[in-house]
Amino acid sequence: MARDETFGKVMEIIGRYAKNKDAIEGATEDTNILEDLKVNSARLVDVILDFEDEFDIEVDDEDADAVNTVGDAVTLIEAKLA
Amino acid sequence: MRRRVVITGMGVVAPNAIGLDAYEQALRSGTSGIRHIPILDELKFGCRVAGVPQGVDEMAEQYFDEDELLAMNSSHRFGCIAAVDAWTDAGFERPLHDDDRVHWETGAVIGTGIGGIDTIGDRVVPMVDEGRVRRLGSTMVEQVMGSGVSARVSGLLALGNQVTANSSACSTGTEAIIEGAGRIGAGLAERMLCGGTEGSSHYIWAGFDSMRVLCRKHNDEPEKASRPLSASAGGFVPGSGAAILHLESLESAQERGVRIYAEVLGGALNCGGHRSGGSMTAPNPVSVRRCIGQAIADAGIDKGEIDVINGHLTATGADPSEVAAWADALEATPETFPVINSTKSMIGHGLGAAGAMESVACILMLRGGFAHPSINCEDVHPKIEPYAGSIPHEAREMPELSTIIKSGFGFGDVNACVIFRRWTE
Chain A
20 MARDETFGKV MEIIGRYAKN KDAIEGATED TNILEDLKVN SARLVDVILD
70 FEDEFDIEVD DEDADAVNTV GDAVTLIEAK LA
Chain B
53 MRRRVVITGM GVVAPNAIGL DAYEQALRSG TSGIRHIPIL DELKFGCRVA
103 GVPQGVDEMA EQYFDEDELL AMNSSHRFGC IAAVDAWTDA GFERPLHDDD
153 RVHWETGAVI GTGIGGIDTI GDRVVPMVDE GRVRRLGSTM VEQVMGSGVS
203 ARVSGLLALG NQVTANSSAC STGTEAIIEG AGRIGAGLAE RMLCGGTEGS
253 SHYIWAGFDS MRVLCRKHND EPEKASRPLS ASAGGFVPGS GAAILHLESL
303 ESAQERGVRI YAEVLGGALN CGGHRSGGSM TAPNPVSVRR CIGQAIADAG
353 IDKGEIDVIN GHLTATGADP SEVAAWADAL EATPETFPVI NSTKSMIGHG
403 LGAAGAMESV ACILMLRGGF AHPSINCEDV HPKIEPYAGS IPHEAREMPE
453 LSTIIKSGFG FGDVNACVIF RRWTE
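Top line first, the protein sequences correspond to chains A and B.
If you count by the numbering used here, then the first sequence holds residues 20 to 101, one letter each, in order.
If you count by the numbering used here, then the second sequence holds residues 53 to 477, one letter each, in order.
Treat the hints with caution; some may be incorrect.
[To be verified] Each pair of labels, with its calculated beta carbon distance range: (1) GLU477(B) - SER60(A): 42 to 52 Å; (2) ASN39(A) - ILE312(B): 31 to 41 Å; (3) ASP152(B) - GLU44(A): 22 to 32 Å; (4) LEU100(A) - ARG308(B): 24 to 34 Å.
[Claimed, not checked] Covered, in the sense of this in silico footprint (three residues per stretch, anywhere, with C-beta under 8 Å from a C-beta of chain A), are these stretches of chain B: (5) 84-95; (6) 113-120.
Don't read these hints as lab results, they were simulated from the structure.
Backbone N, C-alpha and C fix where the C-beta goes; we use that ideal spot for every residue, glycine too.
Please put together the full structure from these sequences, using the hints given.
Here it is in structure tokens:
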């Protein structure tokens, strides 16, 4: 899957949980999921579960904890799919 | 000196209507919200009808963010729509997420009888049993905890006073109003969102069905299934929904210059201790009379001032004894007995939400000067026959209507009685 395609799918998932809807529009790989998009930290668990469903992968806790930015998520998913 | 408490906003999500005007219209016209529920056929329930609010999911999408909806089961959706409606009806704006101001003087008592058992049945139990705990996600606890709805409402509206949930079975909704009014009366809060919510789920209704307390005889004619006060009453029809009342100190309401619907004159709560014939499932008749008497004393009125009784009246065998208790407690003869009606005849038994949905019905009756019909009791129960003249089968115009007493009785032998009076400047 092309990286920008993965990015689009990741943003679609994170967008459901983002309180800052304005920040979704201009989000880049450097956008911080909690701080910039204002996703409630408890909901990161659900974001990871949605990644698992969408990309048919398994994400362990350690990998999940390392996801801070949208780019981190895209990199993680690309690595799992490789 | 206790401060006076008034009602300045309301929201209702009921099986026969959503919103105050639609609900008043449905109540006036005697519109039933009881419907056939296909899954109850499939699962071989004895009772296959229920009261379920219609069109709620579409509405919820207008009211809440996508991530909020992911954590909202039916009880949350009903309760939160009703709370938001009560809030805006009381003249407040919904706060923005990034506005850090908190309403320190507003709290909430939003109860539930059973809680988020649909989430437990649909998600928690099957997934845990399959060893898929990690797949449950972050939204289970907030949907199954008893205070889940009040917690969600406090975030939607930035409430900063006491935010809690009460639970006293079928008296929950009425109890919540008395608890909130008490807090305002004592000067501990200026405004409280009070009421109850109960989800629509066969998992909630199953236990009642197995107890054989639900109506089994009218599965083919749902609108006729809920028959309080009737000789052919065969058990209650399960209901669901929510209602929230915005209670406010009279000082605060007058200072804000807002419309006042009615005053909460007084109320009482007690328990029969499972004695004198009372049990987990049956009321101690002494405690019922005592609760009614204490509510009247608390309101500081005479028994003769009660114009309408909005009873607990579920359509079980307890209806005749409830009517006898009212006659005793009010020292009323068939000639002096107030008008009596059962909102459950149209919406079924909303369990933890019942007292709240029915209290909103009371306030609408006070506002509109009418008593709504008690439907499906053309064949009044023989033991209630002496009081048949007090039961409206069509909406009864009562332009002088001033005072309504509302009761809620619940499993555990618990009782709640509240008295509302029309507000006149």
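Results of checking the hints against the structure:
no.: 1; hint: GLU477(B) - SER60(A): 42 to 52 Å; in the structure: holds, 50 Å
no.: 2; hint: ASN39(A) - ILE312(B): 31 to 41 Å; in the structure: holds, 39 Å
no.: 3; hint: ASP152(B) - GLU44(A): 22 to 32 Å; in the structure: holds, 24 Å
no.: 4; hint: LEU100(A) - ARG308(B): 24 to 34 Å; in the structure: violated, 58 Å
no.: 5; hint: 84-95; in the structure: violated (count 0)
no.: 6; hint: 113-120; in the structure: holds (count 3)
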